[in-house]
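Asker: Residue-level listing of the chains:
There are 2 protein chains.
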Amino acid sequence: MPKLIHLNGFTQCSICHHSKGQWKNPVDGSSAGYRDLKHWIGIAQTLERGCFDALFFADVHGTYDVYQNSRDAAVRHAVQFPGNDPTLLISALAQATQHLGFACTYSTTYFQPYITAKTFSTLDHLSNGRIAWNVVTSYLRDACENLGLGEMPPHDDRYDQADEYMEVVYKLWEHSWEEDAIVRDLENDIHTDPRKVHTIDHVGPNYQVPGPHMCEPSPQRTPVLFQAGQSPRGSDFAAKHAEAQFIIYPTVETCRAAVDAFRDKVRAAGRDPDHVKIFAGLSFVVADTDEAATQKMNQFRQYASPDGALALFSGWTGIDLSVYAPNQHIANVKSEAIQHAASYFTTVDPDRDWTVGEISEFLSVASILPKIIGGPETVADEIERWVDEAGIDGINVVPVTQPTGFTEFVDLVVPELQRRGRARTAYAGETLREHLFGQGQKRLLPDHVAHQTLPPWKRKSSTNKAAE
Amino acid sequence: MPKLIHLNGFTQCSICHHSKGQWKNPVDGSSAGYRDLKHWIGIAQTLERGCFDALFFADVHGTYDVYQNSRDAAVRHAVQFPGNDPTLLISALAQATQHLGFACTYSTTYFQPYITAKTFSTLDHLSNGRIAWNVVTSYLRDACENLGLGEMPPHDDRYDQADEYMEVVYKLWEHSWEEDAIVRDLENDIHTDPRKVHTIDHVGPNYQVPGPHMCEPSPQRTPVLFQAGQSPRGSDFAAKHAEAQFIIYPTVETCRAAVDAFRDKVRAAGRDPDHVKIFAGLSFVVADTDEAATQKMNQFRQYASPDGALALFSGWTGIDLSVYAPNQHIANVKSEAIQHAASYFTTVDPDRDWTVGEISEFLSVASILPKIIGGPETVADEIERWVDEAGIDGINVVPVTQPTGFTEFVDLVVPELQRRGRARTAYAGETLREHLFGQGQKRLLPDHVAHQTLPPWKRKSSTNKAAE
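Residue numbers (the numbering used here), protein chains in the order written: chain Y, 539 to 1006; chain L, 539 to 1006.
There may be inaccurate statements among the hints.
Repeated chains share a single entry, so a pair holds when one copy, or any two copies, can fit it.
Claimed, not checked - Listed next, the in silico DSBU-like pairs over lysine-lysine satisfying Cα-Cα at most 35 Å (straight line):
(1) 562 - 541
(2) 734 - 562
(3) 562 - 803
(4) 909 - 996
(5) 980 - 576
(6) 980 - 996
(7) 872 - 576
(8) 996 - 834
(9) 872 - 909
(10) 576 - 803
(11) 734 - 541
(12) 834 - 778
(13) 834 - 872
(14) 734 - 834
(15) 996 - 872
(16) 834 - 980
(17) 562 - 872
(18) 803 - 834
(19) 872 - 541
(20) 541 - 996
Source of the hints: derived by calculation from the structure; they are not laboratory data.
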């Protein structure tokens, strides 16, 4: 039986997430819709109709100001700015759906672990176990300033701190409340048994958190853990903590190599490599026929704002591409950072001698994401090729316009995948973790590292048992 | 024409908010309901049916551990523990209602102002201008520890820091984005005019926040500002910042004195004293007749958990009442703190020589709140007396059981108040601020201090104008 392909919708509570300029396209509703519940409820219900696993929200807390050494291009082209907080949308979306999961990006650099634990426990309760946390350590310089953290800590230090952060939230989610702590004992007037609610007494280099956790155990306890780190340190972190990994690679071949290396890391971390579901980000231009899809792509190009796309790319990479002329061949630029960034494009097309202008053109629709353009069969073929040849588990579907891009995918591509037995036709379990790992798997799998981070009371109790 | 009485429902995303033990009462649904969207949607729709101004959520981030020098009583009797985050409920409630406002407690001690600004701007967008922020500086010792803040800063220092905090959020909400910054200029490819989105460049003793604000202006820009400080420093803060003040006093007479003093403070702060709406917290036991209400109160007493009520009271006051025998007369205890707390009860009944046991009995239903018990006419009489004699603007309705306490109030008391012309029969404006200050008043009133906290770019611009 062919492997089921998991599907997430990828977006942000902002305008034209990855395709700057599409707010001018009459079929895009994100410019006003991003701050309107009806817009988001429509998208969530569409994805649930397509039996998607989850709607996945990116988030940032600052502006992209590397390009032209200014935030002007980012403001002008609505580059993830303005942006609202996605966690605050979830209860309305959970109420409007029954099965769809929701993944929210939340930064270990900006929020105290005690607050993060309460946030996701609340969301898991309100959604009946349909929440995921996309763990990020964040990368925008001015976001750190806005949050009173001064200079951003170095990349690897952020991950070291994040490792301890995860230890704290695991203790709160998994070990503070025993499963049967709420007893509702009418006769003895005991709502909650105090002997079954424990402090965690975490003391580490970055965090001191006594606990106990404010929230009773939610359906999933720990939210499904997404991670998107592709750096060596980032993928170590993901191999240890993630239950789902979101990656972006330019080709099936580069993706395959990265997936193999990552699964090895998961295995080395003592986990079953199938216990991290890998989602590749792909962008789609879908229509009834291949020709109509090509025409649609040409329309998208007309509405694109290349300067906005460059502002986004420059913010990600830290490279200000505005200092180069459009006809500058990037192979000739003597800069390690640029050669590193350029390797992405030379992978896309090794025969081309890429110029800054050509990069700008490539990025203008769906930024760095691979773009799959075609009618339902062509697109389904490409998806199957990505999944089977790269060895991934699913796709993060990135639309060019919103909500239309999601609607077209669900109406045209999902039925074709379902006909081929590659997409879900109905939900089995209730929680998001069950969508990913099968019915009954509501909680972290047994080989997850959270089960090893025991707080003092659990260690003591096991010692006592051993002594008996 | 008699003055319209504003009404809020007061609650918390927790179990038996002010009436410990009622989870045993079959008519109380909060023990499982507090973590269920349907429970909250039902309450919100009930309050909207009663044309309430808002549903008001308390929140805490720690446990009550003063009583018996332990958190055991608080855990056992579900004393605001477990508790979920109320801000995460709002989008579902906003979607299920059209007019009702929502007030969320959020602490200046635990969240960075940049995050708070994004949180409330998002909620104001999603609710179409129906959000309020109950500004608190927080008081639970172990919450500070859990959030990595170490020892809690002294009471007055927390308010000094909060003053600067408010300055930061005003700059973000009121002065970072010009009203017409989003231009959607198709011809020139400008979504947002960068010249109309400003950094705030705040530099102060506690906060350095460059900005700009992440969110475009929401319907109310600044959320409606609630405050509940009754200490001298707390009411100074409220007189400066609040648009609505939540107070609790034992009698109409003590309330009147406090209201007069507070309105003087508002006047001294250069504001129209009517520009802060004052809500007194009152608890209600309502039935078809006075007799039935008295019977209901007796039932409530049967379900009460006095130890839980004492754990709550001891947490608020910092006084561990467990060290005294129930028959101890508090007048004889030589402790300034206890005499201060005791003055509340001697005001309730000056002729009684209160014992610890009697205080426990008084607190066991609806804690320190004045309790109004009766049929619709008796209750409406008492509400009118409170409003007219104490000179307040509205009531924070605190039910003993939930949702039943809200439903009974709306079905029995609201129609009686409407017959007397004292309660709204339909909503006029769209935003919460309009519910409080009249149709058209969507934004902070002109005499609010936020209009004086100009960021550098606004100061410069006015200087330039003067120089022209």
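Asker: Could you run down the list of hints and mark each one as holding or not?
Answerer: Hints, verified against the model:
no., hint, result
1, 562 - 541, "neither (39 Å within a copy, 50 Å between copies)"
2, 734 - 562, "between (57 Å within a copy, 20 Å between copies)"
3, 562 - 803, "neither (44 Å within a copy, 52 Å between copies)"
4, 909 - 996, "neither (50 Å within a copy, 45 Å between copies)"
5, 980 - 576, "both (30 Å within a copy, 22 Å between copies)"
6, 980 - 996, "within (22 Å within a copy, 53 Å between copies)"
7, 872 - 576, "neither (49 Å within a copy, 61 Å between copies)"
8, 996 - 834, "neither (59 Å within a copy, 45 Å between copies)"
9, 872 - 909, "within (29 Å within a copy, 78 Å between copies)"
10, 576 - 803, "neither (42 Å within a copy, 43 Å between copies)"
11, 734 - 541, "neither (42 Å within a copy, 52 Å between copies)"
12, 834 - 778, "neither (42 Å within a copy, 56 Å between copies)"
13, 834 - 872, "neither (38 Å within a copy, 82 Å between copies)"
14, 734 - 834, "between (59 Å within a copy, 34 Å between copies)"
15, 996 - 872, "neither (56 Å within a copy, 43 Å between copies)"
16, 834 - 980, "neither (41 Å within a copy, 42 Å between copies)"
17, 562 - 872, "neither (37 Å within a copy, 74 Å between copies)"
18, 803 - 834, "neither (41 Å within a copy, 64 Å between copies)"
19, 872 - 541, "neither (45 Å within a copy, 76 Å between copies)"
20, 541 - 996, "neither (39 Å within a copy, 60 Å between copies)"
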